[in-house]
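Asks: Taking the hints into account, I'd like the entire structure generated from these sequences.
Residue strings, one per chain:
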Amino acid sequence: MTYRLLIALLTAAMALMFVVALLVGPAKLDVVNSLMALFGHGNQAAVLVMQEIRLPRAILGMTIGATLGLSGAALQGYLRNPLADPGVLGISASASLGAVLALYTGLAAISSLALPLGAMVGAVISVVLIQALAGSYTGTLSLILSGVAVGSFASAATMLALNLSPNPFASLEIVFWMLGSLSDRSMEHVGLAVPFMAVGWVALVASARGLDALTLGGDVANTLGANVGRVRSLVVIGVAVAVGGATSVAGSIGFVGLVVPHILRPLVGQWPSRLLLASALGGASLVLAADVAVRMIAPGRDIKIGVLTALIGAPFFVWLVMKTRRQMP
Amino acid sequence: MTVLQFDNVSVRFASRTILDRIGLEIASGEVVGVIGPNGAGKTTLIKAGLGLWPATGEIRLDGRPFGELSRRERARLVAYVPQERDVVWEMAVASLVSLGRLPYGSSLRAGGADRAVVAQAMNDMDIADFGERTVSELSVGERARVLMARALAQDTPLLLADEPASGLDPEHQIRLLALLRRRAGKGQAIVVTLHDLQAAARWCDRLILMQQGRIVADGPPLAVLTEARIAEVYNCAAFVGADDRGPIIIPTGLADPEA
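Listed in order, the protein sequences are those of chains A and B.
Just so we're aligned: the first sequence equals residues -12 to 316 in the working numbering.
Just so we're aligned: the second sequence equals residues 1068 to 1326 in the working numbering.
Check each hint, because a few of them may be wrong.
[Said to hold, decoys possible] Okay, derived cross-link-like pairs now, SDA-like style, lysine to any residue, Cα gap no bigger than 25 angstroms in a straight line:
no. : chain 1 : residue 1 : chain 2 : residue 2
1   : A       : K310      : B       : E1199
2   : A       : K310      : B       : T1201
3   : A       : K310      : B       : V1207
4   : A       : K310      : B       : E1157
5   : A       : K310      : B       : S1206
6   : A       : K310      : B       : L1205
[To be verified] Short derived list, chain B residues pointing at chain A, Cβ under 10 angstroms:
no. : residue
7   : K1114
8   : G1118
9   : R1139
10  : R1141
11  : V1145
12  : A1146
13  : Y1147
14  : V1148
15  : L1166
16  : L1169
17  : P1170
18  : L1214
19  : R1217
20  : L1227
Hint data in this document are derived by calculation from the structure and do not stem from the laboratory.
Because the structure is a prediction, the values reported are computed rather than measured.
We put the beta carbon where it would ideally sit given N, CA and C, even for glycine.
Replies: This is how it looks when you write it as C-alpha cells:
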C-alpha cells in the first residue's frame, strides 16, 4: 500500500467516524434531522443537541485522538522505543495533578478556566523539571528516568489530594475526572483546548526529519546533520503543550498513543516521519470510535472512555512487552 | 589531498586526559587503521573527528576548521559507523541505506541522483540483493555491511568507522575489509579502529598505534607493529613476519606475565 493511499483511507475513516459520532446519542434523532439540525434547521431542541452537545464532543474526540496518536508516534521515534507513550515522560500524570489541584482547591468551581489551565501548568512544569533533571545530555535513558521520577511524584501528589479531599463529592469529582471522558463538553472547552493542541502539532510535525535521522541513534543523527537538541525540544515541548491541552478537557485517555503508532508502523515502511500524520489520523478515528462505543454499549450509564481504552490498551501493552521480549536476544 | 587534520587535539573528561595533544593527517584514498589496547582513546579519536566529543586544539575537515562548518556541510564531508549495530525499526535495507541521503535533503523521496548513490553504496558493500529484506533477517556480518553502506550513501570524502569488524567471523571480516579497500581505491579516505592486529596489518595502508591517549607510532603496518612495540604497548609476545600475501602478525603469549 502506498503512503498516499494509506493517508487517504485513514482520512476517510476519520471523517466517517466523525459523522457517526454526530449521529449517535441518547436523543433519538434520525440522520436527516440530525444533519439539518447541525446547520441550525429544524426544532430548537434538536439544534441544541447537535450544536451544543454532539458537535463539541465529536470535535474534541477527533482532536484529542489526533494529539494522542501524534504524541505517541513522536515520542516513540525520539526515544527509539515502541513502548513509549505520553505517559512515560510523566506529562499526563503531571497534567492530571494540575487539574486535580484546581478541583481540590475549589478554583475549578470559581472559574471554568481553572481546570484546563491547571492541567496545562502541570504539563509545562513537568517538562521544565524533566529538562532540568535530564540536563543537556542528549541520551534517552536520562530523559526516561527523569520522566518516571516526575510522573511518580505527580501521581503520589494526586493521591494525596484525593486522600485529604474535604468531602466525598470532591473525591468523586476528582476520580471521575481522572477516568477520562468526553461527555458534557461544550464549545468553550473546544476553544480552550484546540489552540494549545494545534501549537503542539506544529512543533511535533517540525521534528519529522530529525526523527528519521535518529533511526540509528543520536550520534549517527548528529553526523547526518540533524540538530538532536532541537529535535528533543520540539518533541518534548510539542507533547507537553498538546497533551496538556488534551488532558485538560478530557482527563487521561490512556494507551491511544501506544496502540495506534504500533499498528500503523509497518504500513508506513517503518519511517518515523511518515508515522506522524498516519498516527494522528488513526488516533482521531480510534478515540471517535471508542467514544461512539461507550455510548452504544451502555446508553445512559456514562461509561468513561478512559476506562474503555485502558481495558483494551492494557492487554495490548502486555502483548507488546512479551513480543518485544521474544525479539530480544 | 588531506581530508582530515588534527593539530594538537586534546580531549579531557573530568580530570582525565583521554586524548593528549594528537597530531595527524589523513589523505584521500588511504585506509588507516587505528589500533591500541582497550582504553587507549581510539573511539574518542573517531568521535573527536566527528565533533561528537568537545576537543581543544584544531580539527580541520577538507582544509576548513571544524567550527566554521555548518551541520549539513560536515555531514557531507564525514560519515560515521558506530560500533553498536542495533536497529530498532524493522526497516527495509534499501530504506535504511537511503538514510545516508538526509544531508542532501532527501531520503524518502530519493530522486534519480540520490537513488544512484544508494544503489552504488549497496553494490560496493555487496548487498544489492538485500534491498527488500529487513535488518533482523540478516546475519551479523551482513548487517555490518548494510550499516556501512548507509554511511557510504552519505557520499563523503572521509569515513570514520569504529570497530566495523568486531564480532564478525573471518569470512565476513575479510569481506568487509576487502570491500572497504576497494572503496578507498576510488578516492575515499577510510579510518577504522581495529583490535585484530593481523587484519589491521593485512588490510590497512597505514596504522596509527595509540596508548593512553597518545599516538605511539604512525606509519606502514610492518614499521609500526614491531615485536618490541607490541610487547611494550600490548604486553604481548608476537610473531611478526611477512610472505607474498602480506604481513603476518600473531600474538603468541604475554610478554611479561608478571606485569
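Asks: Any hints from earlier that this structure breaks? Give me their numbers in increasing order, please.
Replies: none
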